[in-house]
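Sequences listed follow chains A and B, in order. Going by numbering that gives the first Met the number 0, the residue at position 100 of the first sequence is 99; the numbering climbs one at a time, nothing skipped. Going by numbering that gives the first Met the number 0, the residue at position 414 of the second sequence is 413; the numbering climbs one at a time, nothing skipped.
Hint data in this document are derived by calculation from the structure and do not stem from the laboratory. Here a beta-carbon is modelled for each residue, glycine too, at the ideal position from N, C-alpha and C. Any given hint could be a false lead.
[To be verified] Distance windows between CB atoms, simulated:
| # | chain 1 | residue 1 | chain 2 | residue 2 | range |
| --- | --- | --- | --- | --- | --- |
| 1 | B | Asp645 | A | Val18 | 51 to 57 Å |
| 2 | A | Glu80 | B | Gly321 | 49 to 55 Å |
| 3 | A | Glu80 | B | Asn337 | 22 to 28 Å |
| 4 | A | Gly88 | B | Leu111 | 41 to 47 Å |
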Amino acid sequence: MAVLIVIAVFVLIGLIVLVVGTPLRRAALQRAAAAAGGAAPPSGETSEEPLRRAELEAAREAKYREIRDAEMDFRTGKLSEPDYRALDGELRAEALRILDALDELDRASGREGSEQIG
Amino acid sequence: MAGLGFACLLLALAVCLYRIGASLYGVRRGRPEFSESGRRAVYALAGVLTVAFLVLEVAFLRNDFGFNTVADTSSRTTPTFYRAAAVWSSQEGSLLLWAWLLSLWSSLALFLTRRRMRDVAAYATAVLLGFAGFFVSLMIFYANPFATTRPAPAEGVGLDPLLRFPTMMIHPPMLYSGYTLCTIPLAFGVGALLARRVDADWIKAIRRFAFAGWLFLGAGILLGARWSYSELGWGGYWGWDAVENASLMPWLTATAFLHSLMIQEKRGMLKVWNVSLVLATGTLAIMGTFLVRSGVLNSIHAFGGATLGVPFVCLIGVLIAGSIYLVVSRREMLRSENRLDSLLSRESIFLANNLVLVGLCFVIFWGTYFPLISEAVTGQESSVGPPWFDRYTVPLALVLVLLSGIGPVIAWRRATLANARRNFMIPVAVALIALGGLAAAGIARKPLALAMFCAGAFVLAVVAQEFVRGTRVRKAMAGETAPRALLSLVQRNRRRYGGYIVHVGIAVLFIGVAASSSFQHATELQLRPGQSTKVGAYTLRYVRPTASITPKYDRAHTGSTVALGAEVAVTKGGHRVTTLNPSEGYYSSGEASQGTVGSLIGGQPVSHVSIDGGATRDIWGAIQPNIESGRLKKIVEAGNRTLSPDEAIVAIGLLAREYLKHAPPAQFHFIVSPLVLWIWVGGLIVFLGGLVAAWPAPSLVRAKAAARFRARSSRELARA
Numbered sequence: 000m001a002v003l004i005v006i007a008v009f010v011l012i013g014l015i016v017l018v019v020g021t022p023l024r025r026a027a028l029q030r031a032a033a034a035a036g037g038a039a040p041p042s043g044e045t046s047e048e049p050l051r052r053a054e055l056e057a058a059r060e061a062k063y064r065e066i067r068d069a070e071m072d073f074r075t076g077k078l079s080e081p082d083y084r085a086l087d088g089e090l091r092a093e094a095l096r097i098l099d100a101l102d103e104l105d106r107a108s109g110r111e112g113s114e115q116i117g
Numbered sequence: 000m001a002g003l004g005f006a007c008l009l010l011a012l013a014v015c016l017y018r019i020g021a022s023l024y025g026v027r028r029g030r031p032e033f034s035e036s037g038r039r040a041v042y043a044l045a046g047v048l049t050v051a052f053l054v055l056e057v058a059f060l061r062n063d064f065g066f067n068t069v070a071d072t073s074s075r076t077t078p079t080f081y082r083a084a085a086v087w088s089s090q091e092g093s094l095l096l097w098a099w100l101l102s103l104w105s106s107l108a109l110f111l112t113r114r115r116m117r118d119v120a121a122y123a124t125a126v127l128l129g130f131a132g133f134f135v136s137l138m139i140f141y142a143n144p145f146a147t148t149r150p151a152p153a154e155g156v157g158l159d160p161l162l163r164f165p166t167m168m169i170h171p172p173m174l175y176s177g178y179t180l181c182t183i184p185l186a187f188g189v190g191a192l193l194a195r196r197v198d199a200d201w202i203k204a205i206r207r208f209a210f211a212g213w214l215f216l217g218a219g220i221l222l223g224a225r226w227s228y229s230e231l232g233w234g235g236y237w238g239w240d241a242v243e244n245a246s247l248m249p250w251l252t253a254t255a256f257l258h259s260l261m262i263q264e265k266r267g268m269l270k271v272w273n274v275s276l277v278l279a280t281g282t283l284a285i286m287g288t289f290l291v292r293s294g295v296l297n298s299i300h301a302f303g304g305a306t307l308g309v310p311f312v313c314l315i316g317v318l319i320a321g322s323i324y325l326v327v328s329r330r331e332m333l334r335s336e337n338r339l340d341s342l343l344s345r346e347s348i349f350l351a352n353n354l355v356l357v358g359l360c361f362v363i364f365w366g367t368y369f370p371l372i373s374e375a376v377t378g379q380e381s382s383v384g385p386p387w388f389d390r391y392t393v394p395l396a397l398v399l400v401l402l403s404g405i406g407p408v409i410a411w412r413r414a415t416l417a418n419a420r421r422n423f424m425i426p427v428a429v430a431l432i433a434l435g436g437l438a439a440a441g442i443a444r445k446p447l448a449l450a451m452f453c454a455g456a457f458v459l460a461v462v463a464q465e466f467v468r469g470t471r472v473r474k475a476m477a478g479e480t481a482p483r484a485l486l487s488l489v490q491r492n493r494r495r496y497g498g499y500i501v502h503v504g505i506a507v508l509f510i511g512v513a514a515s516s517s518f519q520h521a522t523e524l525q526l527r528p529g530q531s532t533k534v535g536a537y538t539l540r541y542v543r544p545t546a547s548i549t550p551k552y553d554r555a556h557t558g559s560t561v562a563l564g565a566e567v568a569v570t571k572g573g574h575r576v577t578t579l580n581p582s583e584g585y586y587s588s589g590e591a592s593q594g595t596v597g598s599l600i601g602g603q604p605v606s607h608v609s610i611d612g613g614a615t616r617d618i619w620g621a622i623q624p625n626i627e628s629g630r631l632k633k634i635v636e637a638g639n640r641t642l643s644p645d646e647a648i649v650a651i652g653l654l655a656r657e658y659l660k661h662a663p664p665a666q667f668h669f670i671v672s673p674l675v676l677w678i679w680v681g682g683l684i685v686f687l688g689g690l691v692a693a694w695p696a697p698s699l700v701r702a703k704a705a706a707r708f709r710a711r712s713s714r715e716l717a718r719a
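So here's chain B without its partners, still in its complex pose (with noise of 0.2 Å):
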């Protein structure tokens, strides 16, 4: 079957040879037969990469440790579920599955831009089959997810066990779909640049595309925070990784771009600003797969190997000098038909928003190429830690909520003074409500916090007053019932209001980060059975050493070998609050030198965090026991010595039972943060609103709503 997957790999690498020069042709010589038998090259493209894929998940599910990356990163222990994502796991997995996304993505751009743009769209699928190139001859000459060894190990060596995570299966393709359709967006853009026609068109083709490589890679960045807070025993959710910086860069100036390509859509402007936009997201989104495929930097994310550092690099080069070309090349093309009618308009706004956006962009992307930049320039490798990141990107941040609540209640080209303040006045209100309230509960120590809460509550405030007076609106308009001209309200103008649900999101996100940032009780320490103490208002007691053996008693379901961990009793007051059940997994290394019991749990060990979540605050847990003890250590050495491997298991029971009846000191961290769920909720707001935001409005309702604008223009210019 590798034969397959690797001729699949070849073919793909033809066809897309053939694609690039077919289109360009095409184009050139105004042959458009050539330009359709390229674009459909893509849909054969996604063809044999989908063959491609579906050999190598096979490969995975039915243990084919023939494969190398099988063997590297799949074990018969490693539970089913997790095979199937252990195709990502790798790095010729993960390079497999960007180019298949990749082509199923160009397929259906072009399928949707088949009647339109065709020279915009010849030179855009050039460029994405160039994409899909790359990524193709990268897994063919660098790094072959079909490589094999024969005779085939017995046994592979198991999937990295801090993968083995429920939101892993869906993290790396959520993620990896963002970055992919960042880059059609950019092919469309460098094909409306070499065609020079950067008219509306294009901006409306490639919006959905847009939003949809923002939403995707919002949610990977949203459950990839969520991995690292419930899987990772660090205790956060977010710690300024360069992997975890690489996918929001694209995001931010994606933002950005859906921001201010309004304006362009409306006024005419922005034109070389959002070109500029949509080339820099594309390439931030090749970046980003840089940082993660190349290993230049320290990651948990970092897949090791720098082999594919150089073939980057270039590619990136390419980008940046090409998109500079364009850009100065047609900046005739680029120029803006209108100006800004008055600095107290949504446009300003947006353009104020823009700014911040980029700006945020910029400092993140500083400090995480830092250390590249630094070890150029002084031959000494050095970085920059959260502090600094949060030093900038905290006053931003806070300026950004703001915005998003300024924003709604001004109006486009021009507003008054008058009117702003009138709309201000119930927004403003609330802030300096909630800002009394929080002062008077003891928040002002905490100024950021503070600021932040007030935004927040600012801009709840003016989303709800602008849902409130469109539906009133729409009631008196259509005489309908509130929450049917609620319903009509946002069906009927889903971008602003689908918008305003984002902002929403934000702010929750935004009131859920500062919480639990600044208000967060943080221990660690070793505790006896027995012991107790204080974090926070609550009180936690180790109550009882706890272990469990793969595979029935397994509570995590991630295959390890032997879990061991303690239940932990939190009251509050001598009221009972809730029991902590944290562990710590053992996992097989495969390692004989480690011996025959040895290698069953000498392994990475992953922390098995235990949370109490709730809405105003959430109790987190994890353990470190100590299996080096010499009690537990002289069961692994007696075993080694005399056990065969087949018997080793009955070791790892009686470590177990020796655990629960005379238990170490262990090693605990425990946190109590305020807010942390609605960190989640305002993510899933932010998805949702953007769902509301991206949603095709339905032909007819469109229909209608066209003509019937058509007709009172017309009668109304009659009259004019």
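In isolation and in its complexed conformation, chain A is listed as follows (with noise of 0.2 Å):
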């Protein structure tokens, strides 16, 4: 039964060794890779773009509840007429601000404007 255990505690450790090492290993090759090719290696330094992106997609799904939600109010009787028309405006109004902000980031990055407008 001993041995058993040895073994399978042996057993756990080689399984969380190449959990674990896999990412390691891998940037490790990628890296020779690239010095053997005479490229730069990867910096692996984190770029601002997609947290940047991410947090403009968030705000954007945000805004589109907020104006789905006033739209309900309105529709279920919480909002006059006015007052709907000057809040959905005005929430198209920030709406566009992200999505303008979104294309900016695309062309920043070079990327086919995905979120194109008109």
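Work from the hints to combine the two standalone chains into their complex.
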């Protein structure tokens, strides 16, 4: 039994090393390949662009939700028509600013504007 | 096998330490492969802790009394069903359950956020693994679930009979899932503050975990209340016990957070408040675990052993100090982007709801920790009881229920008085009709209960109105049939209508609480067979004694040696209503000093409550037979003198027969409570509403909706 336990522990250690070590091994191989090819090794620096994009996409989703909620509030009688029109315009302008910022980001990163409007 | 379990704990600690170091190194040095490796370490942690948990579970199922924790909390006579649950009845086992659940939920959180917020996630996982490392260290250094004794004892002490109840299979895992899930938003909150990314993205990422934590915690609290009501002989579902309170506090702050995060999502406001709520909820979850595990406060749930107090106090101290430092040092980034447009807006109602929820939490916190504070200041221990809690919590709960009705009919950003008047007309009329009807029925003698019923009626009317109006709108827009329109309305607005369903559940639950606590009839008295008593409108007659011997005839299947009880006939106005069969189970103590027969029934006796439940009232009965009476005592004493352990059960048979023939007077506790069932129904509605609100919208539907709004926005803006 004791032998089996020792074997099981070693198997567990092996699995942990395999699971945990894979990204390190992969990165080391990429660096080696980049060095052999004369290219600069991947820096691994965290770019601000994806973070900014994620932030804007989250803000966009929240704004769409807000537009839908305002419409629902109007249709279920919680907002008067003038209030709804004013609020809806305001929200859509805010949504547009977010979409513009996303487009700006797309242009800066050389991507096709997937959220192009108009 | 114990060696394998302990090795798993050591490996888990090593993985935690590696993970913390790798994540921090990766994020500080801009080496994502280390962050990625660290993330995978969490999966590895979940793997080794799963193995450790399985080792312990198998030891319980195989009656391996070489494991100290198995010998202390299980026995061969403990039914298999409860042996499986006995793992988390001990301090050691429940620490393992905590760490294991944390590793599973952390793995899920990191898997779902693997392509997002890498810098935040790196810090967050370091925090989560810090918690896991803390709990694993407690097991390694203070409470080892794999500690063994050789040679193994032939028999174990057995599971505490109070815990032999089906709900106990699921109550602790639910509660612990809630606690551990509450630490995930805390970890991501700390990560967001450390990475200085307190934008909408992290709020979006943690929302589902906050919701899941809230759901699990709520379900755990409800199951615990059900256990108290059905199993504990005191006849209540909530006693303001320290451990009950400990689970309620994070649930309250999580509820506040789930409301106020909508304000941050929509308006970019309340950032300091939200991050503080997230940190407070996680810290309160750890404090809840501390209360159960440290043994510093008296509770039926506490598992004794003050050895864990100091490490927990240190952890909580670090959490509180760290949270305050982070919030204060990042206050500039947490500035609100907008201000409240109007006091008459849903934002302001949510804000009021937050203040009430946090106020409730503060009151409960003060009442729960008062004994500790009092002892620290005056040197004398004192405590506050249910009347103190009721004085403050009842009015706050009343305001909370009212607000849950007001919120849904007020628009975001700005609402006008004219609209509000129109929307409130029907619900207020319903509440007034309820007031008139109930006052005419004589309910006015309990003003707080009356107010709660009216508030509940108001909420139900508001939500019904919202569903009717929404369905009409949907019908008109899409030309669907009413049932189809209702379904698509909920499907397309899950958060909104799921939330409304939760409000219905809360209203129903509080109506049940108000009715059952204000209009309860209870009596405790001694009866002989044939005698009767009146409880409210019911007459209860002790018809005859009952007895059952394990295992074949043990109706409750709890592994009791013998259960002595009574058949009680319940009548109303001369008509038979039901028959109650309460009993008391006697369990083996395993103490040789009590004698061969005495030890078979010398354990803690447990009441098997009998309940006749219904939509309008519950009739609840418990019995405490007197086995110390002369004839019964003589049988035990004679058996102790003359019978060997193998023969002792014969005396138990004689004892049961003697009890049936000449039952001594027994102590009864009867309660007739109205509307108790609605507490559980309300809880279920809350749970279902929570599921609806938390259920993710299908990605296709979301994409279509997003595309439609993009197109509309662009068209209308182009025209403007």
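Index of numbered hints that the structure contradicts, given in increasing order: Hint 4 contradicted; others consistent.
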